[in-house]
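A.B. asks: Each chain, letter by letter, is given below.
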Amino acid sequence: EAQVTQNPRYLITVTGKKLTVTCSQNMNHEYMSWYRQDPGLGLRQIYYSMNVEVTDKGDVPEGYKVSRKEKRNFPLILESPSPNQTSLYFCASSLRGTGEGNEQFFGPGTRLTVL
Amino acid sequence: AQSVTQLGSHVSVSEGALVLLRCNYSSSVPPYLFWYVQYPNQGLQLLLKYTSAATLVKGINGFEAEFKKSETSFHLTKPSAHMSDAAEYFCAVSDGTSYGKLTFGQGTILTVHP
Chain Y
1 EAQVTQNPRY LITVTGKKLT VTCSQNMNHE YMSWYRQDPG LGLRQIYYSM
51 NVEVTDKGDV PEGYKVSRKE KRNFPLILES PSPNQTSLYF CASSLRGTGE
101 GNEQFFGPGT RLTVL
Chain F
1001 AQSVTQLGSH VSVSEGALVL LRCNYSSSVP PYLFWYVQYP NQGLQLLLKY
1051 TSAATLVKGI NGFEAEFKKS ETSFHLTKPS AHMSDAAEYF CAVSDGTSYG
1101 KLTFGQGTIL TVHP
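As given, the protein sequences belong to chains Y and F, one line each in that order. Position 79, counted from 1, in the first sequence is what this note's numbering calls 79; the numbers after and before it change by one each time, with no gaps. Quick note: to get this note's numbering, add 1000 to the position in the second sequence (first position is 1).
Just chain Y, same shape as in the assembly (with noise of 0.2 Å):
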C-alpha cells in the first residue's frame, strides 16, 4: 500500500530535550515536506526537500533541523524543543514539487507536547 508513516504518532516530552519524529513513504517520491498544524492557522511549511541531500527552508524553520540521506525518508529533529513546538506535525511527499500540480501525500501526524 501507498503511504506516508510516521512515528511516533504521540509524544510528551519536556524543553531541552532532543527528539526526532521519522518519516517514511514508499512512493519513490522526489518531494518531501513537513508542516504544523496551529488552530486557525492552518498548516504552515517548517522544511522542504527536493530530492536526495537537498533540503531548503519553508515559512517557520527556526527550532528545527531536517536531513534527507535516503530517497524514502526524511526525519525532522528538535534539537532543544521549547513549549511553542507544541503542536501536530504532517510529513507529506508528492512525486515532484506541487509546482506541477503534484498532490501531496500525507502522514497520519504527530501530535507533539513540550512541556
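I should point out that these hints are in silico values taken from the structure, not numbers from a laboratory. Honestly, I wouldn't trust all of these hints.
To be verified - Under the rule of at most 20 Å between Cα atoms (straight-line distance), these lysine to any residue pairs were calculated in the SDA-like manner: (1) Y:17 - Y:113; (2) Y:57 - F:1002; (3) Y:17 - Y:67; (4) F:1058 - Y:101; (5) F:1058 - Y:103.
To be verified - Computed beta-carbon distance windows for the label pairs: (6) F:1012 - Y:20: 32 to 42 Å; (7) Y:88 - F:1113: 40 to 50 Å; (8) F:1020 - Y:52: 21 to 31 Å; (9) Y:67 - F:1014: 44 to 54 Å; (10) F:1051 - Y:14: 43 to 53 Å; (11) F:1003 - Y:95: 20 to 30 Å; (12) Y:69 - F:1012: 28 to 38 Å; (13) F:1083 - Y:111: 18 to 28 Å; (14) F:1014 - Y:18: 42 to 52 Å; (15) Y:14 - F:1069: 46 to 56 Å; (16) F:1069 - Y:20: 41 to 51 Å; (17) F:1014 - Y:14: 27 to 37 Å; (18) Y:67 - F:1017: 19 to 29 Å; (19) F:1053 - Y:70: 44 to 54 Å.
Just so it is clear, CB atoms sit at the ideal spot from N, CA and C, and this is done for glycine as well.
Dock chain F against the given chain Y, drawing on the hints supplied.
C.D. replies: Frame of chain Y, contents of chain F only:
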C-alpha cells in the same frame, strides 16, 4: 508570494443541505489550487485540484469546485450534505514553481446536523 483566505472558520449545515465552503487566493502566477479534507485524528486527503484543464473540477465524495479567475476564488460545494462529510477542509495554492510548496488557508470546520 501567494496566500489563501478561507471565509468562515466554522460552517454548520443540516443533512441534505447545500455545502458551500469559500476560498479566495492571491497568486502572482497562474495557480494550482487544491482542496484537502481532514477527518478527526487523520492526515489530510486530497478532495480535488485545479490545474487549468477545466474551471469546474469534480472531486471525490460528490464535491466540486469552480475556479473563477476574475474573482480569484475556488469555492467548494456539495449539493447535499451527509453526516460523513463532517471534517475540517483546507484550501491550498501552489507557488507554481517546479518544486513549489503549498500555502494553506486556515481551515473550515464543517458540522453536519441530522
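A.B. asks: A separate judgement is required for each hint: does it hold in the structure or not?
C.D. replies: Results for each hint:
{"no.": "1", "hint": "Y:17 - Y:113", "result": "holds (12 Å)"}
{"no.": "2", "hint": "Y:57 - F:1002", "result": "holds (17 Å)"}
{"no.": "3", "hint": "Y:17 - Y:67", "result": "holds (19 Å)"}
{"no.": "4", "hint": "F:1058 - Y:101", "result": "holds (15 Å)"}
{"no.": "5", "hint": "F:1058 - Y:103", "result": "holds (15 Å)"}
{"no.": "6", "hint": "F:1012 - Y:20: 32 to 42 Å", "result": "holds (40 Å)"}
{"no.": "7", "hint": "Y:88 - F:1113: 40 to 50 Å", "result": "violated (26 Å)"}
{"no.": "8", "hint": "F:1020 - Y:52: 21 to 31 Å", "result": "violated (43 Å)"}
{"no.": "9", "hint": "Y:67 - F:1014: 44 to 54 Å", "result": "holds (49 Å)"}
{"no.": "10", "hint": "F:1051 - Y:14: 43 to 53 Å", "result": "holds (45 Å)"}
{"no.": "11", "hint": "F:1003 - Y:95: 20 to 30 Å", "result": "holds (25 Å)"}
{"no.": "12", "hint": "Y:69 - F:1012: 28 to 38 Å", "result": "violated (47 Å)"}
{"no.": "13", "hint": "F:1083 - Y:111: 18 to 28 Å", "result": "holds (26 Å)"}
{"no.": "14", "hint": "F:1014 - Y:18: 42 to 52 Å", "result": "holds (50 Å)"}
{"no.": "15", "hint": "Y:14 - F:1069: 46 to 56 Å", "result": "holds (50 Å)"}
{"no.": "16", "hint": "F:1069 - Y:20: 41 to 51 Å", "result": "holds (44 Å)"}
{"no.": "17", "hint": "F:1014 - Y:14: 27 to 37 Å", "result": "violated (46 Å)"}
{"no.": "18", "hint": "Y:67 - F:1017: 19 to 29 Å", "result": "violated (48 Å)"}
{"no.": "19", "hint": "F:1053 - Y:70: 44 to 54 Å", "result": "violated (35 Å)"}
Of the hints listed earlier, those the structure fails to meet are numbers 7, 8, 12, 17, 18 and 19, in rising order.
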